[in-house]
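Trainee: Line by line, the protein sequences give chains F and C.
Under this note's numbering, the first residue of the first sequence is numbered 1, with each subsequent residue one higher.
Under this note's numbering, the first residue of the second sequence is numbered 1001, with each subsequent residue one higher.
Calculated from the structure, these hints are not laboratory results.
Please note: incorrect hints may appear among the correct ones.
[What the hints assert, rightly or not] Okay, derived cross-link-like pairs now, PhoX-like style, lysine-lysine, Cα gap no bigger than 20 Å in a straight line:
1) F:347 to F:305
2) F:305 to C:1171
3) C:1075 to C:1024
4) F:116 to C:1075
5) C:1294 to F:240
6) C:1036 to F:85
7) F:347 to F:284
8) F:79 to C:1118
9) C:1115 to F:79
10) C:1036 to F:54
11) C:1257 to F:76
12) C:1075 to F:68
13) C:1171 to F:246
14) C:1044 to F:79
15) F:76 to C:1116
16) F:79 to C:1171
17) F:251 to F:208
18) F:55 to C:1117
19) C:1118 to F:325
20) F:68 to C:1044
21) C:1294 to C:1257
22) C:1044 to F:44
23) F:44 to C:1068
24) F:252 to C:1171
The structure displayed is predicted, hence computed values, not measured ones.
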Amino acid sequence: MIEKVVSYIKNKADMYEVYFSDSNLLNIEGESMKPNFVSEGTTKALALRVVVDKKIGVASTLNINNYKECVNNAIKIAKLNNVDKDFKNFAFPDKYKRIINFSKSLVNFGSEDFIKLNKDIVNEVTNLNKNIEFVKIIYYKNMNNRRIINSNGIDVEDKTVDNSFVYTLRLGGEAIDLYDSDVSILTTKNVGETVERLESLFNKQKIKNARVPVMLHQNALSTFLDHTFTFNIDAENVQKGKSLFKNMVGKKIADKNVNICDDGIKKGLINSRSFDDEGVPSKKTDIIKDGVLKGFLYDVYTANKENRKSTGNAVRGLNFIPKIKTNNLVFGKGNKTKEQLIDSIDKGLYIISTMGGHTMNESTGDFSLVVSEGHYIENGKIKYPVKDVMISGNFYDMLNKIECIGKEIKHYDDGYYLPLILFSEVNVIC
Amino acid sequence: MESYIKYAQEKGTDYIELHSVNNKQTIIDVQNRSIKDASFNSAKGFSVRVLYNGALGTSYSDRDDYKKLIDIAIKNARALSKENPGIKFNEYKAVKKRFKIKCKVNPSDVDFEDKKKKLLGYKQIPGIKVLDLIYGDNNRIYRFVNSEGSNLEFKDVTLGLVVYAYSQKGKVNESFLDTYRIHGGYENIDNADVTVRNTMRNAVETLDAKYVKGGDFPVLIDQKLAGVFAHEAVGHACEADFVLKNVSALKKELFGKKIASNNLTIADNKQKLKWGYTPFDNEGFVGGNTILIKNGMLNGYLHTKETAAVLGMEPTGNGRAMTLSNKPIPRMTNTIIENGDSNFNEMARSIKRGYYLKGSRGGETNVLNGQFLFNAQECFLIENGEVKQRMKPTSLSGNILDILPKISLIGNDSREDTGFCGKDGQYVTVSENAPHIKIDLAKVGGQV
Chain F
1 MIEKVVSYIK NKADMYEVYF SDSNLLNIEG ESMKPNFVSE GTTKALALRV VVDKKIGVAS
61 TLNINNYKEC VNNAIKIAKL NNVDKDFKNF AFPDKYKRII NFSKSLVNFG SEDFIKLNKD
121 IVNEVTNLNK NIEFVKIIYY KNMNNRRIIN SNGIDVEDKT VDNSFVYTLR LGGEAIDLYD
181 SDVSILTTKN VGETVERLES LFNKQKIKNA RVPVMLHQNA LSTFLDHTFT FNIDAENVQK
241 GKSLFKNMVG KKIADKNVNI CDDGIKKGLI NSRSFDDEGV PSKKTDIIKD GVLKGFLYDV
301 YTANKENRKS TGNAVRGLNF IPKIKTNNLV FGKGNKTKEQ LIDSIDKGLY IISTMGGHTM
361 NESTGDFSLV VSEGHYIENG KIKYPVKDVM ISGNFYDMLN KIECIGKEIK HYDDGYYLPL
421 ILFSEVNVIC
Chain C
1001 MESYIKYAQE KGTDYIELHS VNNKQTIIDV QNRSIKDASF NSAKGFSVRV LYNGALGTSY
1061 SDRDDYKKLI DIAIKNARAL SKENPGIKFN EYKAVKKRFK IKCKVNPSDV DFEDKKKKLL
1121 GYKQIPGIKV LDLIYGDNNR IYRFVNSEGS NLEFKDVTLG LVVYAYSQKG KVNESFLDTY
1181 RIHGGYENID NADVTVRNTM RNAVETLDAK YVKGGDFPVL IDQKLAGVFA HEAVGHACEA
1241 DFVLKNVSAL KKELFGKKIA SNNLTIADNK QKLKWGYTPF DNEGFVGGNT ILIKNGMLNG
1301 YLHTKETAAV LGMEPTGNGR AMTLSNKPIP RMTNTIIENG DSNFNEMARS IKRGYYLKGS
1361 RGGETNVLNG QFLFNAQECF LIENGEVKQR MKPTSLSGNI LDILPKISLI GNDSREDTGF
1421 CGKDGQYVTV SENAPHIKID LAKVGGQV
């Protein structure tokens, strides 16, 4: 089918890029320990970018039999568009490192196999604490076949498969999520820690307003990165002047122990892949090194604007216009164990989850959040979970006030590889 | 369609639905008076949902090969049914009805050139560094048929403009976000002008503002924030999936009991032609106005067929799914706080020291323990009954059951706000319609 599209588009456009994806999704859900809903289906998407007289047109369709209309729509938009002086070209062919995220056993994993995995999870949770109830189960498996062809000779194709689950577990008046995602079949490995977190949420106590050290769990830290940091390292936001980091490359923007990179190529990381959605090879990009801002994440368009190479961070979202997105954001580890970090706190908080992350100001990093899962620490010991606490401040001020960084890196959320971090002072409102 | 229904019934299904969607969309992203992206997008989709031995199976594709879809849905549902998940639907009367959004000018008939001219016409005011406008229009036809004989169609037309304004003064940056959205035609587009203007003005004015002092204060909240409050603090807790799992703070035992001040009435009205308008839900149920809190008493929940059957109540038509592939779950549509009788000045006068909070980037609720947070995009100090200087944006937090009785005054100036609500990874259109309200004491985030 894609060949037909290419031959139809060839004579109509000066340049073109054809993106085709065929995905098969398996979604299983339930409101008790027994799943009761299953959905399976395929979505074929065709997304086009064309250039006519130096003007760009974009169109997409989820109805690929209708590809001619899609091509004509893209041409129509291009003709009516302004000339974009910053647009130079689409990506050029390059060398690709082969990264295979296509586990055969996961490909064959179906609803009956999930029922078995679900039983294992239910058993393990129930064995640890028989009073825990299953409020919600959501499982997704996504198989995707991508092919990208453009007028510069790029023709690349790959297949990926990944899966994730979220179990909402409840004990008395508290509930938290058991989460995992991977490119292979999931296991019960996160059950123990999650049950422990849930069991430790009882007898919450109030504390007093203070500016105190705060240790962020990977889960809480990923909220900040997701809702403000990724915005500010997006080259488009930098070029448009929306990013706080504009004109800051080479300057110190964080504590000297802060190292952050985007790694799209390391084997085993969930979003690693050979090439991005424009056909550019994936790579590792330093963003902050020893507290100094090194650079940003680029797609071809923003890279061309600065005469540099794309970092391979283009993705196509729901509306099929390429955007810049992190692959795997990796925060460099420190040298402290969790126990050593806690031990160094005189009076402070350990925050595992917050509420309202999406309401923080993405460009400035100002936030005001509810601590939904946090513990009071005194004299190096976790004392009790806290009640009715908010934290407030600015994330970039916090990045400059880092006391210590943990030595263990954990995968949280989709593509965040993070340590525990102890910040020296945060506003705590009670 | 009848032959497919018969085919599914012969294969042993207890109930079956067939769905189809046809969608055409234009998106134009304009930054600083030049087009950044423009695209035409179209989609066609077909799906079936079957109830088979107590399990629900859905399958979908871009082709109307319903037999194949039925086979896949049954195969998967059969795997789940071995564990006896026990879903039951009650039987309902067939409904045959067509719904259509009336518009004078369908946006799909408007030349791209005209849309471009309109969008490029918005000029930045001094202090605004970036003005980002994302325009979208959508023509969508959704058809629903089920084994009870229902046959429904909704021809929808929507128009929207999302406005981001980024301001800068020296080293201080601020950003502000607002939106204009409507079910209707292109003749409404000029109504977005005021949204664009206000968003830029707010972004500039916030530059000079100081941080708020955090703590417990009386607050006056505007229509938008009051709407978010109704949505976050009450609406979610009234979604019946939470109630039947006994994880809602507004639990069954509170039904019919007084949980808020007498002057508070909150409803979900899906038939009102606001942004959350849902003439029938994704289970083919029409429904109407569901009163959640009536004069302070807990009065209603939002149901799917599944939750209604378990709780022995009537469905309300709130079973909404983001796409044909998703599970319909109880969702809000148009959340409404009925007008009270206080005017703005009288409400402000009742506050000695507190805050006037306006606008919102949204909020979040833990329905189980009742904890919620909602963000305010604008914040003003109130001293001795007077609204004074602007402060930096902040957030409010509290607990549903603690805060409801603390709503002491309700304004008479209801206004609509539009948005999307996320639950279990599914985003659906919602609106909130509320007047100003005064809360006697709430926790405000800020510096210590």
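Trainee: Next step is simple, just say for each hint if it's right about the structure.
Mentor: Quick rundown of the hints versus the structure:
1. F:347 to F:305: Since the Cα atoms of residue 347 (chain F) and residue 305 (chain F) sit roughly 49 Å apart, the hinted pair is violated (cutoff 20 Å).
2. F:305 to C:1171: violated (25 Å)
3. C:1075 to C:1024: violated (32 Å)
4. F:116 to C:1075: Status holds; Cα separation ~16 Å.
5. C:1294 to F:240: At roughly 49 Å apart (the allowed maximum being 20 Å), residue 240 (chain F) and residue 1294 (chain C) break the hint.
6. C:1036 to F:85: holds (12 Å)
7. F:347 to F:284: violated (38 Å)
8. F:79 to C:1118: With a Cα-Cα distance of about 18 Å, the restraint between residue 79 (chain F) and residue 1118 (chain C) holds, given a limit of 20 Å.
9. C:1115 to F:79: Roughly 15 Å separates the two Cα atoms, so the pair holds.
10. C:1036 to F:54: holds (14 Å)
11. C:1257 to F:76: violated (60 Å)
12. C:1075 to F:68: violated (35 Å)
13. C:1171 to F:246: holds (11 Å)
14. C:1044 to F:79: violated (26 Å)
15. F:76 to C:1116: holds (13 Å)
16. F:79 to C:1171: violated (40 Å)
17. F:251 to F:208: Measuring from Cα to Cα gives roughly 37 Å; hence the hint is violated.
18. F:55 to C:1117: Holds, because 17 Å separates the two Cα atoms, which is no more than 20 Å.
19. C:1118 to F:325: violated (30 Å)
20. F:68 to C:1044: holds (15 Å)
21. C:1294 to C:1257: Distance ~10 Å between residue 1294 (chain C) and residue 1257 (chain C) Cα, so the pair holds.
22. C:1044 to F:44: Answer holds: residue 1044 (chain C) to residue 44 (chain F) is near 10 Å, not above 20 Å.
23. F:44 to C:1068: holds (17 Å)
24. F:252 to C:1171: Holds - the C-alpha atoms of residue 1171 (chain C) and residue 252 (chain F) are around 16 Å apart, at most 20 Å.
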